[in-house]
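If you read the sequences in order, they're chains A and B. So for the first sequence, my numbering puts the first residue at 566; every next one is plus one. So for the second sequence, my numbering puts the first residue at 2; every next one is plus one.
Keep in mind the hints are simulated off the structure, nothing from the lab. Yeah, the Cβ is synthetic: ideal placement off N, Cα and C, and Gly gets one too. Some hints could be false.
Listed below are several chain B residues computed to face chain A (Cβ distance under 7 Å; list not exhaustive) [stated by the list, open to error]:
1) Gly43
2) Glu104
3) Leu105
4) Phe107
5) Gly108
6) Glu109
As a plain string of letters, each chain reads:
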Amino acid sequence: AQSVTQLGSHVSVSEGALVLLRCNYSSSVPPYLFWYVQYPNQGLQLLLKYTSAATLVKGINGFEAEFKKSETSFHLTKPSAHMSDAAEYFCAVSDHAGNMLTFGGGTRLMVKP
Amino acid sequence: DTGVSQDPRHKITKRGQNVTFRCDPISEHNRLYWYRQTLGQGPEFLTYFQNEAQLEKSRLLSDRFSAERPKGSFSTLEIQRTEQGDSAMYLCASSHGQDNTGELFFGEGSRLTVL
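Turn these sequences into a full structure, and let the hints guide you.
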């Protein structure tokens, strides 16, 4: 069985500040890991994914995430927050067969001017 | 637009009524998934199809729920005798069977409100 824990259901940062959204996973097999973003009234959009290649993954809109097997983590970062980054972010894990994604509870990112 | 489309986007119904949602996946994708998302939670897996075959169903999918994908293209999710607890956003996603990483492409969802 797989699971994902996102620490902090709400994160607030100032515009221009570092964004750090935390994700820890549990998986009995080497995982594939994803970050999705959901803007209001829109569908989930893939930010980035880790599929056992480079452990530091770069995504869209300046986001990146680092896979750390020893810590079972896949935290999402962005050096400088923009107002347009305000959204809900979901971390997810899939098994090697890619049959389905298991999502975390989500983190709502708020960006203050 | 060649993304995943869902219809209707919003549905308000009275308890006990039946509702049906439709999903049209990206045309070359042979896998189709249904998820449910309640307020403040992440999406929860309901079921998935490879072509027309329903390969996995979650325990969340009670016997009041049925999903079909008759020709391996669009899919429908029917909820019979709706309950207030069924109020949620129902998300459809699709993926290409050759990509087994699990990357999914989501529609905008169908929001169900049961009064």
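Using Cβ atoms only, decide whether Phe107 (chain B) comes closer than 7 Å to chain A, and label the hint accordingly.
holds (4 Å)
Can we keep the Gly108 (chain B) interface hint, with Cβ of chain A closer than 7 Å?
holds (5 Å)
A closest beta-carbon separation below 7 Å is what the hint needs, so does Glu109 (chain B) meet it against chain A?
holds (4 Å)
Taking 7 Å as the limit, does the beta-carbon of Glu104 (chain B) come near enough to a beta-carbon in chain A?
holds (6 Å)
Do the numbers back the hint for Gly43 (chain B), that is, is its least Cβ distance to chain A under 7 Å?
holds (4 Å)
Tell me if Leu105 (chain B) is really an interface residue toward chain A, meaning its C-beta lies closer than 7 Å to one of theirs.
With Cβ-Cβ at 6 Å, under 7 Å, it holds.
Consistency with the previously given hints is maintained throughout, with no hint failing.
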